[in-house]
Amino acid sequence: MAKVRGAVVVENEVCKGCNLCVVACPQDVLSLNKEVNSKGYHYSYMMNPEACTGCTNCAMVCPDNCITVYRVKQANVA
Amino acid sequence: MDELQLADIIKPENKVYGKSKIMTDTPMHYCYGCSHGVVHKLIAEVIEEMNIQEDTIGIAPVGCSVMMYYYLDIDWLQAPHGRAPAVATGYKRTNPKKYVFTYQGDGDLAAIGTAETMHAVNRGENIVMIFINNAIYGMTGGQMAPTTMIGQSTSTSPHGRDVEVNGYPLKITELIAQLPGSAYVTRQSVHTPATVRKCKKAIRKAFENSAKNIGTSFIEVVSTCNSGWKLDPVESNKWMEENMFPFYPLGDIKDSVHDDVEKYSVQKNKK
Ligand SMILES: Cc1ncc(C[n+]2csc(CCOP(=O)(O)OP(=O)(O)O)c2C)c(N)n1
Ligand code: SF4
Ligand code: SF4
Ligand code: SF4
Ligand SMILES: [Mg+2]
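So the sequences go chain by chain: A and B. Mapping the first sequence onto our numbering, position 55 (from 1) lands on 55, and the numbers just tick up by one. The number in our numbering is simply the position in the second sequence, starting from 1, with 78 added.
It is worth saying that the hints were derived from the structure and are not from the lab. Just so it is clear, the structure is predicted and the values come from calculations on it, not from any experiment. Hints are not guaranteed to be accurate.
Claimed, not checked - Derived BS3-like pairs (lysine-lysine); straight-line CA-CA distance at most 27 angstroms:
no.	chain 1	residue 1	chain 2	residue 2
1	B	97	A	34
2	B	316	B	276
3	B	176	B	97
4	B	176	B	99
5	B	93	A	3
6	B	316	A	34
7	B	89	A	3
8	A	73	B	176
9	B	93	A	73
10	B	279	A	39
11	A	39	B	97
12	A	3	B	97
13	A	73	B	316
14	B	176	A	39
15	A	73	A	3
16	A	34	B	308
17	B	99	B	279
Claimed, not checked - Which stretches of chain A does chain B cover? Using the computed rule of at least three CB atoms under 8 angstroms from a CB of chain B, they are:
no.	region
18	5-15
19	20-31
20	66-74
Glycine is no exception: its CB is placed at the ideal position from the N, C-alpha and C atoms.
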């Protein structure tokens with residue numbers, strides 16, 4: 001069975017830690033980091049990367065354009 | 079079958095979404111979670127997809143988005159408070175092949191600029207107007223706007239907007255739909271992935287309309303101003319759904335070619 005796997009890359013220094021991507025993710029992939037960036041924002045990161053499907057929902061709602069989304073179809077996954 | 083490593087997924091050929099090339103690398107000055115950023119990105123994506131970067135002129139307003147010209151790599155003019163539709167009129171009439179849009183807040187478009195707004199639409203100017211209604215004057219510190227909700231507290235209505243004193247919130251988008259010069263009038267939002275996708279379609283349609291010379295296309299985006307509202311961005315979305323959507327319902331209000339002038343002309347040549 002083919003399985004879709006995704007991943008996101010958050011531009012840490014641009015992220016403002018608004019949490020909108022975190023609540024928009026249907027797979028509970030994202031969370032705000034305990035660490036802060038140089039501006040003091042708790043930037044978003046993939047806490048649970050295996051669950052990402054690359055659906056782009058997080059990137060849709062991001063006001064600061066700091067999420068890039070990748071997706072692959074993985075063949076023959078049981 | 080081996081589990082895929084992140085490095086196998088994060089490769090240029092697997093990229094399905096990223097920042098539009100029309101957006102500059104200048105970080106936006108907006109508060110965290112501000113709707114302005116989402117709408118900027120949608121306009122940029124539409125311009126990129128329509129391949130009209132060289133032919134698009136934005137008219138920036140006064141308000142939090144006053145420096146929008148730093149963020150989208152297109153040509154810009156900056157208009158005095160409320161006057162963007164007048165400036166857009168001049169630009170479009172002298173450059174009819176260009177795509178001209180205004181981007182304005184509710185204080186700009188529905189308070190100080192009400193006259194310019196109504197008359198530009200009533201003239202059926204072939205422009206796109208994008209209206210960010212966050213029910214407040216964001217830039218100047220969260221004062222009450224004409225669009226502020228009944229009971230909403232702001233820095234100039236600390237006990238909530240009182241209809242007896244301040245009147246009703248202004249549904250300027252419904253008024254605009256009444257004008258013969260408007261072609262496409264819609265109310266959108268950008269608080270969920272689905273509404274963001276829908277709003278982008280509306281912006282695309284509005285830009286396409288301006289090449290068809292069918293009148294003004296007007297898009298209200300019901301938006302949040304979490305700083306002015308003194309809520310966090312997620313709470314702001316909830317507040318907007320509960321308090322703004324019942325009064326400012328989402329959806330298309332008008333979708334037509336502007337009214338036929340013949341229909342209303344004096345019947346000069348008829349006996
Ligand atoms: C002629 C003039 N009057 C008043 C102001 C002060 N002023 C600046 S922004 C603003 C209101 C902006 O509110 P809005 O258009 O809703 O934009 P937002 O910041 O909420 O996006 C006002 C009254 C000004 N700059 N120029
Ligand atoms: S792409 Fe979809 S699944 Fe992956 S983090 Fe974003 S919202 Fe979640
Ligand atoms: S939506 Fe964007 S700015 Fe907000 S936390 Fe997520 S990545 Fe950061
Ligand atoms: S004050 Fe309001 S409208 Fe202005 S940037 Fe902040 S959240 Fe956005
Ligand atoms: Mg406003």
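Please name the hints from earlier in the document that this structure breaks, with their numbers sorted from lowest to highest.
-> 8, 10, 13, 14
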